[in-house]
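Engineer: So you can see what is in the structure, the chains are spelled out below.
Protein chains: 2
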Amino acid sequence: MTLPSGTKPRFVYSFGDGVAEAAPEMHALVGAKGERLAEMTRLGLPVPPGFTITTQVCEHMLKTSEFPAGAREQIQAALTLLEARTETTYGDPDNPLLLSVRPATPVTAGGMLEAVLNVGMNRDIAVGLAARTGDERYAWDCYRRYLQDYAAVCMGMRRGILETLLERAKDGEGVYDESELSAPALEGLTEIFKRKMIESSSALPPDDPREQLWASIEAVFRSWNSPKPVGYRNAHGLPHDHYTAVTVQLMVFGNMGEHSATGMAFTRDPDNGEKRFFGEWLPNAQGEDVRMGLRAPQPLNKESGTLPGDRVLEREHPEAYRELTRAYRVLESHFRDMLRMAFTIQQNKLWIIQTRIGKRSPRAEVRIAVDLAREGIITTTQAIRRVQTQTLDKILHPQIDTDSLRDVVARGLGASPGAATGHAVFSSKEAVEWAGRGLSVVLVRSETTPDDIHGMLKSAGILTRRGGMTSHAAVVARGASRACIVGCLDLELHPDERYMMVGDQTIAQGDIITIDGTSGSVMVGEVETVQPKASRELEELLAWVDDVARLRVYVNADTARDCERAVRFGAKGVGLCRTEHMFFETGRIDIFRQMIVAEDEAPRREALAKLMPMQKADFKAIFRVMRGLPVTIRLLDPPLHEFVPHGDREIGALAEVLGDTPEVIRRRLESMSEINPMLGHRGCRLGLTYPEIYEMQVRAVVEAACEVMNDDGVPVNPQIMIPLVSHVRELELLRDVVRTTMTRACEAYGVNLQLAVGTMIELPRSCLTGGQLAEVADFFSFGTNDLTQTIFGISRDDCGRFLPFYVEMGILPIDPFVSLDPSVGELVEIAVERGRAKNPGLELGMCGEHGGDPRSIAFCHKAGLDYVSCSPFRVPIARLAAAQAALEASS
Amino acid sequence: MTLPSGTKPRFVYSFGDGVAEAAPEMHALVGAKGERLAEMTRLGLPVPPGFTITTQVCEHMLKTSEFPAGAREQIQAALTLLEARTETTYGDPDNPLLLSVRPATPVTAGGMLEAVLNVGMNRDIAVGLAARTGDERYAWDCYRRYLQDYAAVCMGMRRGILETLLERAKDGEGVYDESELSAPALEGLTEIFKRKMIESSSALPPDDPREQLWASIEAVFRSWNSPKPVGYRNAHGLPHDHYTAVTVQLMVFGNMGEHSATGMAFTRDPDNGEKRFFGEWLPNAQGEDVRMGLRAPQPLNKESGTLPGDRVLEREHPEAYRELTRAYRVLESHFRDMLRMAFTIQQNKLWIIQTRIGKRSPRAEVRIAVDLAREGIITTTQAIRRVQTQTLDKILHPQIDTDSLRDVVARGLGASPGAATGHAVFSSKEAVEWAGRGLSVVLVRSETTPDDIHGMLKSAGILTRRGGMTSHAAVVARGASRACIVGCLDLELHPDERYMMVGDQTIAQGDIITIDGTSGSVMVGEVETVQPKASRELEELLAWVDDVARLRVYVNADTARDCERAVRFGAKGVGLCRTEHMFFETGRIDIFRQMIVAEDEAPRREALAKLMPMQKADFKAIFRVMRGLPVTIRLLDPPLHEFVPHGDREIGALAEVLGDTPEVIRRRLESMSEINPMLGHRGCRLGLTYPEIYEMQVRAVVEAACEVMNDDGVPVNPQIMIPLVSHVRELELLRDVVRTTMTRACEAYGVNLQLAVGTMIELPRSCLTGGQLAEVADFFSFGTNDLTQTIFGISRDDCGRFLPFYVEMGILPIDPFVSLDPSVGELVEIAVERGRAKNPGLELGMCGEHGGDPRSIAFCHKAGLDYVSCSPFRVPIARLAAAQAALEASS
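Listed in order, the protein sequences are those of chains A and B.
Everything in the first sequence is counted per the working numbering, starting at 1 for the first residue and increasing by one.
Everything in the second sequence is counted per the working numbering, starting at 1 for the first residue and increasing by one.
Keep in mind that the hints are not guaranteed to be accurate.
[What the hints assert, rightly or not] In silico EDC-like cross-links for lysine to aspartate or glutamate, where the CA-CA straight-line distance does not exceed 20 Å:
#1 A:LYS349 - A:ASP177
#2 A:LYS228 - A:ASP241
#3 B:LYS838 - A:GLU826
#4 A:LYS838 - B:GLU826
#5 B:LYS194 - B:ASP124
#6 B:LYS349 - B:GLU280
[Said to hold, decoys possible] Partial selection, computed: residues in chain A whose CB lies under 8 Å from chain B:
#7 GLY70
#8 ARG72
#9 ILE675
#10 ASN676
#11 GLY680
#12 HIS681
#13 THR769
#14 ASP786
#15 GLU826
#16 LEU887
#17 SER890
The hints are simulated quantities; they were obtained by calculation from the structure and are not laboratory data.
Just so you know, even glycine gets a beta-carbon here, dropped at the ideal spot from N, CA and C.
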């Protein structure tokens with residue numbers, strides 16, 4: 001904001017008597033507060049009159065240490081106007097005008113800037129004020145407050161220095177509250193303060209009120225560049241060059257005795273969002289006193305919750321209270337949101353000091369948005385925009401009370417959201433045992449394998465030392481909605497001795513720990529958690545959302561139970577059903593392992609024949625839940641050795657089942673191990689080398705579909721998805737396998753099944769050859785986890801040693817596994833463009849972890865995808881994000 | 001080739017008396033042979049006259065089973081002309097015309113089609129021919145030959161049936177060679193043949209010569225669709241619809257007694273390429289006899305190598321020999337290549353039956369191309385195009401005699417070319433021991449690690465069960481030019497018991513095995529190998545190559561010795577110096593391991609300080625060899641744990657050095673292990689998390705460069721290459737580290753060093769962000785190994801279980817790690833385009849394995865790269881390929 005050349009610049013905008021010079025939309029010049037004060041003045045609300053000095057003056061002053069030419073004159077003129085409006089004279093002991101000098105920034109500065117109140121005081125004026133008001137206590141209180149502010153803001157003294165003296169004076173008089181200090185004590189304090197100022201700064205505040213004003217304005221401007229605001233702007237990525245304006249306002253006093261007061265009111269309940277006027281106040285106090293919490297505030301009204309003995313504003317100041325409720329209605333309908341108002345009652349007259357959009361809890365955020373829309377104050381699309389997606393995340397999972405986060409002893413990757421508290425156990429067997437005794441447990445492992453499934457499902461939370469967002473632990477935990485942290489390298493595990501070290505702290509089996517799967521924080525002991533609550537308002541909001549969104553939201557779900565939950569959350573289909581997860585259950589994993597270690601086709605087919613009815617039963621249950629909504633079934637994807645047993649006992653057990661020696665099994669398993677399994681023998685490569693596996697799976701799908709249709713009369717819509725395709729020939733060959741198997745299976749049922757066949761797009765090569773693939777695919781589903789891994793050359797399981805460092809150092813602006821990287825996006829766009837060009841009817845979705853990330857969903861909307869698919873608990877978030885993306889794109 | 005509509009089609013083209021109707025470039029219609037016969041006729045060479053029936057007739061006949069309208073008439077007319085030219089009459093027993101009916105295909109059919117000779121024979125004509133020539137033996141020999149051909153080609157009898165009868169007749173007369181059979185015996189055979197034909201086919205060849213001709217022509221056409229030619233075309237990817245023509249020619253007879261003969265001549269030596277007329281002949285025989293090798297052939301001339309008792313054509317048929325040498329000169333200067341000629345001498349008259357480009361050995365291929373260019377017969381650019389790049393591969397490494405390949409017991413990936421024979425050993429220790437006793441060894445391991453280096457360098461060849469083209473074994477073997485096979489899954493290793501199983505064959509320590517690192521074949525026992533020979537001609541060819549090529553060829557080399565070799569081979573710089581390989585040597589690996597297991601920066605720096613002078617000495621040696629040519633030094637790239645010790649003994653040793661317990665070391669190593677190391681903590685990620693490593697390496701480079709310049713007065717041109725960059729920030733930060741380190745190091749020497757800093761482009765993301773990277777890079781070097789791995793999502797180390805299957809099944813047309821995949825190419829092009837747009841001076845190279853692959857080099861040329869870099873032994877091949885690519889692009 002530089003000075004316009006040629007025209008005579010305007011630096012000061014006055015307000016008062018229902019008239020304000022600053023126009024709306026002028027906050028870059030006068031700050032948000034300056035704009036709102038002007039607005040409130042025009043609305044006829046009782047705002048203390050004053051004027052705002054623009055951000056241009058701040059900029060000029062910070063760069064040159066001087067006021068720009070003409071600014072002082074304009075300030076002087078505004079002061080003269082203010083004197084006229086208030087019928088007082090600045091610096092006149094007999095009828096003094098006292099001023100507040102406050103910062104007013106275009107965007108929030110986090111309350112980090114300084115203000116000076118009671119400007120225009122000196123000893124003479126204090127005496128005059130005492131005489132004029134007959135309130136000596138008030139007069140000296142104003143003076144000592146002024147001295148405290150001036151010392152801190154204009155002279156740079158630590159506030160603590162004078163506050164210690166204030167405490168000492170209270171002790172001297174034996175009072176607890178500073179409002180109880182006597183006038184002589186306060187007068188004495190002003191002298192004590194001045195001596196201290198001489199002593200520590202060799203200076204005193206000027207007696208001349210003009211000098212006080214110039215110094216205060218300059219000090220507020222200068223506070224823009226002091227360390228705390230600069231740090232705040234850095235931390236929040238805010239620019240340093242929008243500067244602050246300064247408002248100079250008539251001081252009004254809540255500390256002028258029993259007919260005076262100060263308080264804070266919310267137009268609605270900031271905790272639960274209920275529509276009730278709500279707040280607290282302090283008799284005979286200035287505004288800072290409420291904020292600083294030095295005295296116990298009193299309720300505004302009955303709705304604010306009263307206890308016996310409370311002093312209720314509505315009762316004690318009925319006139320001011322009526323005026324206040326009028327102001328609340330005017331303001332809410334003008335600003336169309338829940339507001340926080342600071343007010344002062346000076347000798348029974350109400351003043352609105354300032355107002356701003358009120359902070360609120362996640363719950364309240366949803367309720368207020370929905371209520372405002374219902375009341376016709378905002379539209380439903382505005383309500384949709386008002387609710388942040390993170391808010392839903394907080395509503396749908398137990399949350400750690402943020403105060404507790406200071407006790408964090410270790411950090412990992414938050415892999416499945418929510419909080420869990422329980423007894424630490426170091427093996428799945430013990431998890432099952434302890435849980436069997438009715439205890440809540442947190443399972444701590446180096447990493448998990450299918451053998452841990454049982455223990456994981458019995459645990460409230462899972463914590464692993466290794467692994468990433470797509471590791472076994474993370475995937476299972478998200479599916480089962482257990483809180484989970486992975487990649488927590490700070491742990492040193494000794495599972496055999498049943499303890500772990502975190503730093504030099506020992507945590508033994510049975511010790512209580514708490515994990516926050518949202519933030520990845522590990523805490524020792526029990527920690528306060530906030531339980532999620534369902535709400536009618538959320539349901540109403542989500543109902544509106546679907547009218548706005550273009551993207552459909554599907555769910556990544558492998559069980560009928562997850563599907564049920566997702567349908568309740570509004571999922572419109574299953575975007576990813578990972579068939580391998582169906583093998584994890586006890587009883588099945590053994591047969592699956594027989595299949596894996598089979599040397600030849602015959603024993604492999606034998607094991608598959610046993611697995612087939614199990615998969616079929618699972619698919620039937622899912623189809624019944626989804627009732628004709630699309631169910632996208634991904635054929636076996638991960639490397640087989642992910643399922644193999646570890647440890648002597650399990651290998652021995654498998655050997656016994658197979659009638660082989662453990663040595664033979666071990667050698668076979670060794671020969672299956674891979675150096676880089678992510679890039680190894682998996683996905684459609686398995687399907688091509690062992691076609692009998694995919695044949696079994698397709699048969700299970702088709703038979704399940706036919707039986708559900710025939711026996712239950714329920715419509716079905718299964719879709720077969722081929723994973724890890726890199727070359728069109730792979731897809732062609734496997735599509736033929738699917739079709740042949742389907743035709744054969746359908747004949748037995750006399751059913752004419754429609755079976756879409758599509759492919760995951762999860763490798764750069766499949767993006768680049770999207771045109772070729774689209775000619776043989778009915779749909780693409782972008783697997784952005786693997787796509788991110790291969791585009792970056794980063795294994796999600798191994799990035800713990802450098803990726804957090806990268807994000808911290810700003811090498812990567814954001815973890816690309818959380819939010820879609822632009823280069824990943826570019827390849828997705830290439831695939832979309834080439835795919836649609838060859839096959840305009842191609843269905844396009846995304847089923848990676850990004851499917852639940854609002855920023856990535858916005859990308860998917862822009863890229864023209866048809867759906868995103870995410871884990872059950874993220875479905876509502878994705879629906880909201882999809883709607884917001886649509887609104888954003890159309891605005 | 002369909003019939004032109006409207007015009008009267010021409011189906012027959014005659015040749016004879018120096019006149020030929022078929023124009024040049026007409027081989028699609030008359031076949032290569034038809035074209036060449038016409039050409040030779042026009043050149044005035046003694047070609048037996050005749051005519052060619054076009055491929056259109058073949059197509060029509062195969063589709064309709066009939067000759068097209070007008071064809072029979074045209075053939076009849078051509079036959080009449082032929083009768084006039086030869087002054088004989090077809091079917092006239094007193095002066096008969098005998099014909100050969102041979103296939104003539106537009107492109108080679110691998111000699112798979114059938115021919116019928118001596119057409120126009122019957123008993124009466126045999127009697128007449130005997131009378132007219134006074135040679136009864138000849139007449140009956142022609143008849144029995146005709147019967148054999150007709151039975152096989154026109155009647156479909158197995159040739160063996162009549163041949164058995166021929167053998168029986170030879171036994172009956174007690175002769176070894178069929179030329180010794182008496183006339184009565186041959187006459188008797190014709191009757192025996194006919195009885196057999198009745199017996200097995202209930203049919204006889206027609207007596208009518210016309211019928212014989214139609215049937216023979218039709219049979220040759222039909223042989224186009226018989227199983228062997230169809231299989232040959234499938235195997236070589238040749239189209240099935242170009243069909244064959246048929247040539248009908250005057251039969252000439254080498255079997256008309258002592259003044260007749262047949263033979264085969266080469267215009268140059270097909271084995272070593274020497275310019276000498278060369279060949280062999282058989283007195284009194286027909287052409288087939290030479291081909292079938294039934295009798296021992298005799299030398300053409302002294303240059304063909306004579307033994308006492310040999311019958312030399314030059315001496316026995318001086319006139320015909322003179323005529324033949326004249327023909328050779330005419331033909332070679334006309335066809336401008338080394339030719340093979342089939343000839344017949346009929347009663348002292350020479351006939352050239354056919355000629356074709358002669359097959360030759362790799363050595364001869366180079367020598368002939370160079371000699372022809374020197375002689376002015378072709379240009380040097382033609383010579384460059386004439387030599388196949390694979391040919392150089394064969395010349396530069398020992399080769400297995402192809403006959404031995406039938407004894408292959410196992411196959412893996414040919415990872416480093418050449419053949420090696422030696423005693424199998426199963427540990428590096430034993431390799432060193434056995435080699436110390438002066439024995440040649442082949443080291444067999446599951447996979448190799450740095451601990452094996454010593455043993456590998458002592459071995460003639462290396463064979464591993466696991467790993468791919470970029471595995472440790474493969475990389476070390478190529479660098480050291482040892483034959484190497486990796487990923488040989490057929491082996492079942494028992495190193496502790498010192499044996500392995502291949503199928504059910506046991507190979508114990510000390511057994512001789514042979515490996516072919518070119519084809520990936522493993523053989524048991526010693527196998528004939530062909531040793532490579534240097535040649536002046538190759539050097540001359542390569543000198544021409546550099547005038548033509550635009551791409552420069554650099555070498556991937558890590559030692560001064562490799563650099564020396566590469567400079568001798570014509571490398572123009574080092575495109576990839578892998579600094580980690582310098583740590584593999586004994587003595588260094590221990591210090592390197594200390595560095596790796598260091599928990600903190602201080603001990604890490606301590607180990608680095610010890611490594612620094614070693615690296616510096618290596619760089620100095622390299623700079624001295626390269627004398628100012630660019631040396632591109634890649635900073636540490638692979639995951640650290642690739643270097644860690646395995647096994648109790650080694651861990652114990654390291655623990656002792658470090659004064660820690662093995663347990664501590666083991667735990668530390670475990671914590672370093674990664675699930676997917678390819679995508680883990682490596683490359684610039686190491687450089688950023690442990691900056692002291694790159695600092696040490698850059699200091700070693702800079703100090704080495706300064707000292708070589710100052711002390712040796714040798715110019716230097718080092719370039720620093722940052723590996724595995726995925727985001728521009730990584731490169732920015734590390735470029736700053738390099739520059740700061742350089743500036744500091746240079747100051748001490750008072751030298752102003754130019755140090756280019758560039759990056760490997762080996763991840764999809766670095767291709768896509770090529771524009772951003774180019775703004776901070778002096779050069780890009782495409783690492784197409786990793787790029788292929790990430791684009792396909794295939795680990796080179798783990799693809800053994802499916803990639804060979806993919807190539808075999810045609811899912812992938814070619815192994816993408818051997819020849820650049822089009823999608824990889826597309827990303828390279830994107831990077832080139834975006835990079836050059838932002839930085840027109842950007843230097844572009846390729847240093848993956850593809851840098852030595854001719855097809856990939858052709859791509860690099862087209863993509864506008866500046867250089868390719870490959871292993872030392874591939875430098876000549878790459879230079880040739882670069883020149884051929886330039887010629888291809890400009891033609």
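Engineer: Quick one, is the SER890 (chain A) hint okay against chain B at 8 Å, beta carbons?
Structural biologist: Hint on SER890 (chain A): violated, closest Cβ of chain B at ~29 Å, above 8 Å.
Engineer: Does GLU826 (chain A) sit within 20 Å of LYS838 (chain B), going by the straight-line distance between their CA atoms?
Structural biologist: holds, 19 Å
Engineer: Are LYS349 (chain A) and ASP177 (chain A) close enough, with their CA atoms no more than 20 Å apart?
Structural biologist: Judged against 20 Å, a Cα distance of about 24 Å means the pair is violated.
Engineer: At a threshold of 8 Å, is the proposed contact between GLY70 (chain A) and chain B supported by beta-carbon distances?
Structural biologist: For GLY70 (chain A), the interface hint is violated, since the closest Cβ of chain B sits about 45 Å away, which is over 8 Å.
Engineer: Quickly compare the C-alpha distance for LYS194 (chain B) and ASP124 (chain B) to 20 Å and report which way the hint goes.
Structural biologist: holds, 15 Å
Engineer: How about ARG72 (chain A): closest beta carbon in chain B under 8 Å, or not?
Structural biologist: violated, 47 Å
Engineer: Given the hint that LYS349 (chain B) pairs with GLU280 (chain B), does the C-alpha gap stay at or below 20 Å?
Structural biologist: Cα-Cα ~17 Å, so holds.
Engineer: Under 8 Å is the threshold here; is the Cβ of LEU887 (chain A) close enough to any Cβ of chain B for the hint to stand?
Structural biologist: With a closest approach of 30 Å, the LEU887 (chain A) hint is violated.
Engineer: Per the CB criterion, is GLY680 (chain A) less than 8 Å away from chain B?
Structural biologist: holds, 4 Å
Engineer: Please verify that hint: ASN676 (chain A), Cβ, nearest Cβ of chain B, below 8 Å or not.
Structural biologist: Holds: closest Cβ of chain B sits about 4 Å from ASN676 (chain A), inside 8 Å.
Engineer: Is the shortest C-beta separation between ASP786 (chain A) and chain B less than 8 Å?
Structural biologist: Holds, because the Cβ-Cβ distance from ASP786 (chain A) to chain B comes to roughly 7 Å (cut-off 8 Å).
Engineer: Below or equal to 20 Å on CA atoms is what counts here, so check LYS228 (chain A) against ASP241 (chain A).
Structural biologist: holds, 16 Å
Hint violations for this structure: numbers 1, 7, 8, 16 and 17, all remaining hints satisfied.
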